[in-house]
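Chains as they are written, first to last, in the working numbering: chain P, 1 to 332; chain G, 1 to 332; chain A, 1 to 332; chain S, 1 to 332.
Just so you know, these hints were derived from the structure itself, not from any lab. Please note that the accuracy of each hint is not assured.
Given that identical chains are not distinguished, each listed pair holds provided it fits within a single copy or across any two copies.
Dumping the calculated DSSO-like pairs for lysine-lysine here, alpha-carbon to alpha-carbon at most 30 Å [as the list claims (entries may be wrong)]:
no., residue 1, residue 2
1, Lys298, Lys81
2, Lys44, Lys133
3, Lys201, Lys110
4, Lys84, Lys49
5, Lys44, Lys14
6, Lys162, Lys298
7, Lys49, Lys133
8, Lys142, Lys110
9, Lys133, Lys263
10, Lys44, Lys263
11, Lys162, Lys320
12, Lys298, Lys142
4 protein chains.
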Amino acid sequence: MLNFALFGAGRIGKMHAQNIQAFAQSNLKYVFDVYAPAAEAVAKATGAKVAESVEMALADPDVDAVLIATSTDTHVELIIKAAKAGKAILCEKPIDLDTATVNACLEQIKDCHVPIQIGFNRRYDPSHAAVVKAAQDGSIGKLEQIIITSRDPGMAPVEYLKSSGGIFRDMIIHDFDMARFVLGEEIVELQAFGSAMVDEKITEIGDVDSVMVIMKSQSGRLIHINGSRRAIYGYDQRVEAFGSEGMVISNNQTPTSVTRYTKDTTQVKDPLYNFFIDRYVDAYNLQLTSFIENVLAKKPVSPSFEDGRRAQMLADAAQKSLETGQKVTLSW
Amino acid sequence: MLNFALFGAGRIGKMHAQNIQAFAQSNLKYVFDVYAPAAEAVAKATGAKVAESVEMALADPDVDAVLIATSTDTHVELIIKAAKAGKAILCEKPIDLDTATVNACLEQIKDCHVPIQIGFNRRYDPSHAAVVKAAQDGSIGKLEQIIITSRDPGMAPVEYLKSSGGIFRDMIIHDFDMARFVLGEEIVELQAFGSAMVDEKITEIGDVDSVMVIMKSQSGRLIHINGSRRAIYGYDQRVEAFGSEGMVISNNQTPTSVTRYTKDTTQVKDPLYNFFIDRYVDAYNLQLTSFIENVLAKKPVSPSFEDGRRAQMLADAAQKSLETGQKVTLSW
Amino acid sequence: MLNFALFGAGRIGKMHAQNIQAFAQSNLKYVFDVYAPAAEAVAKATGAKVAESVEMALADPDVDAVLIATSTDTHVELIIKAAKAGKAILCEKPIDLDTATVNACLEQIKDCHVPIQIGFNRRYDPSHAAVVKAAQDGSIGKLEQIIITSRDPGMAPVEYLKSSGGIFRDMIIHDFDMARFVLGEEIVELQAFGSAMVDEKITEIGDVDSVMVIMKSQSGRLIHINGSRRAIYGYDQRVEAFGSEGMVISNNQTPTSVTRYTKDTTQVKDPLYNFFIDRYVDAYNLQLTSFIENVLAKKPVSPSFEDGRRAQMLADAAQKSLETGQKVTLSW
Amino acid sequence: MLNFALFGAGRIGKMHAQNIQAFAQSNLKYVFDVYAPAAEAVAKATGAKVAESVEMALADPDVDAVLIATSTDTHVELIIKAAKAGKAILCEKPIDLDTATVNACLEQIKDCHVPIQIGFNRRYDPSHAAVVKAAQDGSIGKLEQIIITSRDPGMAPVEYLKSSGGIFRDMIIHDFDMARFVLGEEIVELQAFGSAMVDEKITEIGDVDSVMVIMKSQSGRLIHINGSRRAIYGYDQRVEAFGSEGMVISNNQTPTSVTRYTKDTTQVKDPLYNFFIDRYVDAYNLQLTSFIENVLAKKPVSPSFEDGRRAQMLADAAQKSLETGQKVTLSW
């Protein structure tokens, strides 16, 4: 049994709380949120206690693990405190918007030797995972190209996006991680293009809402990511791996297997999921299950802190390429 | 909160136990099985108590509802006992293999006025339910034809099927219920054809393994069911409704949304589910949720005992048509 | 080179004329139609001569073959004349609406030994043909069930249908032939159900517009056909073969491979073909090609006159089953 | 009626010859090929005459149009001769491998005022054309992104590719034209990446076999092309247009509409086309039809010589970006 303290009781924290309670091998002991009513609501729904402070929860020797689902700017501080308290850590992405801060964090915790897993939930999506498996087990031969489509259903207000760190660090970071996961090797060159197509006001905060990236890996493989802050038809999430012996695609999913035929249209499917938690419900569950099982079995957790740091560096490189208009070379 | 006693701790009982525990508004208080280790295993996994007898569980005034997942020949006795004890009842299909026994049961419980829901779980499958909705809300115009495909992944040993009541009462009864559900009216004519195609030994026990049925409803609609005890490619479950303004089909589902391309094949999907509990995981959950919510809200539960009895009568009619080779007319 | 005389210059005759001219190994020498302007239009478009009479065309020793695309009631007379003139014959289905007349025709031509092919064009559809191949080459194991969906895009006026011979002889005869083609053996039992769902006036002429049939073959295989005179979404033509080792389905086709995604719908395809000549354009071409090649190579043509006669007998049996409400047994 | 002279009687010339003969409004008068037996074979199959020389065919005042299907290095010379002879011209892509030569050609023919259409056949593919229509008629709102997948079924020998001009000028030029066609505006920035993934020997001739390109258009739209010289599963040709109100995709096509289900796989489709002439059979026909109709009606033909020249300039830019590793900026 793994006892959890949950930091952050917002939308995603609530989901994690339910998953922790539903899984037979885990228990939610504490929940903390700077906004007390949020913590109380989660506590009530799950039977957990509201922690008065982060420190109080970390001081309890019964707490084995923490799940960090607070705002991004608090992640590093909480990781350091939890690591020093000897707790296993599952932290939402990204570690931080600033790679220097991530590196400083790494320096602080390097001797703690606690399991740290970063919440790149998509690695646990069964369909994306099947693409990764096919790319690496030889069933599509030698992997040659990857195409990732990443479009959010709707764009947050520009005001809110001000503190997001930009589209690459906030949103496309998931896709940089997916690219590394499918590849099984590092990326060495990157070129990014971006435009304000969804909302021109995004330019006022120095950001874009539509992007395309191409990258090359150590062995010469080519990777493309296209992203948009808004797809009117729902959350568009596709991963394609192309190899010498075949291709495998993780396609979009619909809530039902219904097709409709009318006077004007054929084989109409129900709309795509419109919300990341609905689309990735299995992935969030499997991510947590994997963390719990690996921590209990004292096996390595994945994706690791280093995976989080490297995705961050790719996001930085994309941001730099966008700003300079130049190709960026990376060394590892 | 609805407190349950579960009767039957086999494969399907175990699943129900987990669902009862996972749902916030229900609690599993007792589990009973004639084979004590099965009950103990479920009790251990869920925190329920093992009931020493059915009577002991029914005598507890804290028990609000019973879930009957025992062997078919015990259903009627348990329904009568639970109804007389004033408990709400969710009973696996079929009520009984013999319609006379079903009718006798009805006579015994007619004054009990407890909610009784029969476990035709497929009514709660979101995709099948979408077909029913489209058939009844006018979105495909006036409903004219229904085609139901119902093929189990694999055939049980002939020895085991001896006591099944025959393919219509054991297996196709789900599809008779689905036909009534999509129709929203009764069936008045029925012709059944059958063959031993999967295993010729099935003829030794007077049964068949492959069937086709056509039926006509009160308003003249035509319904087809085809069934087989074995589909090598998995559990094949499709419902098609055809109307004056369109068609809607509930297609088969695959565990992932992956498609594969190789030298010889295009757009290959992963295999269909091979097990009814996997295919209908959502349906079993939604069925239970609906029962709990309706019982708590003192609303009617559905499908009702009468729905169970009528599906039975259609199965009887199909059996008679198969045996006589003649069309059977039904009146209600 | 095969020189053709075409009898009948209506919609389908025109299509045949074009195909004859386009194919390198055939030439259209004459066209005849009781309505002279129709014959003249075809003659002008193809460079053929208008024949003043059937007899004149048949008397020309350069004419090797006739294509009969006239109204059904003239087929038998033209077959007899052409056979006696020693011409190879490709005749549109059905041979005649009355099986006695078909039998009398057979008596008259039995010593002529000319190739006679009946225009069951669907046998030449590449997708349906792939189902037949899979059903017979063992790739789905032992064939067990066939499901055929046959829905016309729209219903002709009831007045026009008066002389159609009824839905089974006029429309479903194609599906009886397809069933025999997939089976590779004969049908021995048949039950038909019918309703007036599309237009109630159809009952005034003693016909129905919506039908379902189940049949059993010599070896116990089960076959289902469902038919409708009107599918609002287009010409719905599907053939499914189910066997011990798998299933193969010939699905509907759309003119493009485009899918559209909008706010409310996903993966919308363009409408199905709405016209049999568009849907079966390849089949009509391949049917003619096969006739020409086999006649030139002095090989048997297929489907044969006997295939036409047997489909007719199944249509008769279905009509009888519909009228009596009873199952019909056939012997061959 | 449009009388053609065909220059070039190879694989693609043969196909054009058949199409010219099959179409009612055109006639193939001459065929010329430097390899006389090829010309003779086409002449025999179509009834055309073998021209002793290009000049002889161009001197015949009955010749209205020429179709140039010779090797690329002869295109410009033939265009100039035909234009000066006042013939309408349909020329296979590319105009030339060297843009300077293309510009010189333009200079020579600028006063000839003959219709010149370049054989970017894909513009006439009904599915790709539906994407273009949706991108421009507002049905997907404002166009924002384009993703083009372009993979040949198999790679020609490296030796042969030596004189191809490189993958961008030889193969991806089709996709540059498609991007311009979907956009309806010009491209102003371009970055190309390439690798030798299919056959390392391609590096010996200074070329690559796997490429990815991103481009930005005048209004900021983003375009991605990925290409490979070899897709083991067939000719992979997809075009996706993403806009503010939806998305439309031209997917791959299979020769049948058959799906197969076996023990291990679900919904398997038959292999993709493996040959560009099979995949684009309709496009080649419609391209020719459009040329003939527009020339006869004295309307502009499309795509124009200028379209051919601009696709060429994009290919040059991609080649330069690949060689320098830098983004290329274009002005028009």
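Going down the list of hints, with the structure as the test:
In the homo-oligomer, the alpha carbons of Lys298 and Lys81 lie at most 30 Å apart inside one protomer (21 Å), although the nearest pairing across protomers, at 51 Å, exceeds that limit. Proximity of Lys44 and Lys133 under a CA criterion of 30 Å is satisfied in neither setting, with 40 Å inside one chain copy and 36 Å between copies. In this assembly of identical chains, Lys201 and Lys110 lie within 30 Å of each other by CA distance neither inside one copy nor across copies; the values are 42 Å within and 46 Å between. For the homomeric pair Lys84 and Lys49, the shortest alpha-carbon distance inside one copy (23 Å) is at most 30 Å, but the shortest distance between copies (42 Å) is not.
Proximity of Lys44 and Lys14 under a CA criterion of 30 Å is satisfied in both settings, with 11 Å inside one chain copy and 28 Å between copies. Taking CA atoms no more than 30 Å apart as the test, Lys162 paired with Lys298 passes in neither setting, with 40 Å inside one copy and 50 Å between copies. In this assembly of identical chains, the alpha carbons of Lys49 and Lys133 never lie at most 30 Å apart, being 40 Å within a copy and 43 Å across copies at closest. Neither within a single protomer nor between protomers do Lys142 and Lys110 lie at most 30 Å apart by alpha-carbon distance, with minima of 36 Å and 50 Å respectively.
When the C-alpha separation of Lys133 and Lys263 is checked against a cutoff of 30 Å, the pair qualifies only between copies, where the shortest distance is 19 Å, while the shortest distance within a copy is 42 Å. Proximity of Lys44 and Lys263 under a CA criterion of 30 Å is satisfied in neither setting, with 51 Å inside one chain copy and 37 Å between copies. Proximity of Lys162 to Lys320 under the C-alpha cut-off of 30 Å is restricted to the intra-copy arrangement: shortest distance 18 Å within a copy versus 37 Å between copies. For a Cα distance limit of 30 Å, the shortest separation of Lys298 from Lys142 qualifies neither inside one copy, at 33 Å, nor across copies, at 52 Å.
Checked against the numbered hints given earlier, this structure breaks hints 2, 3, 6, 7, 8, 10, 12; the rest are met.
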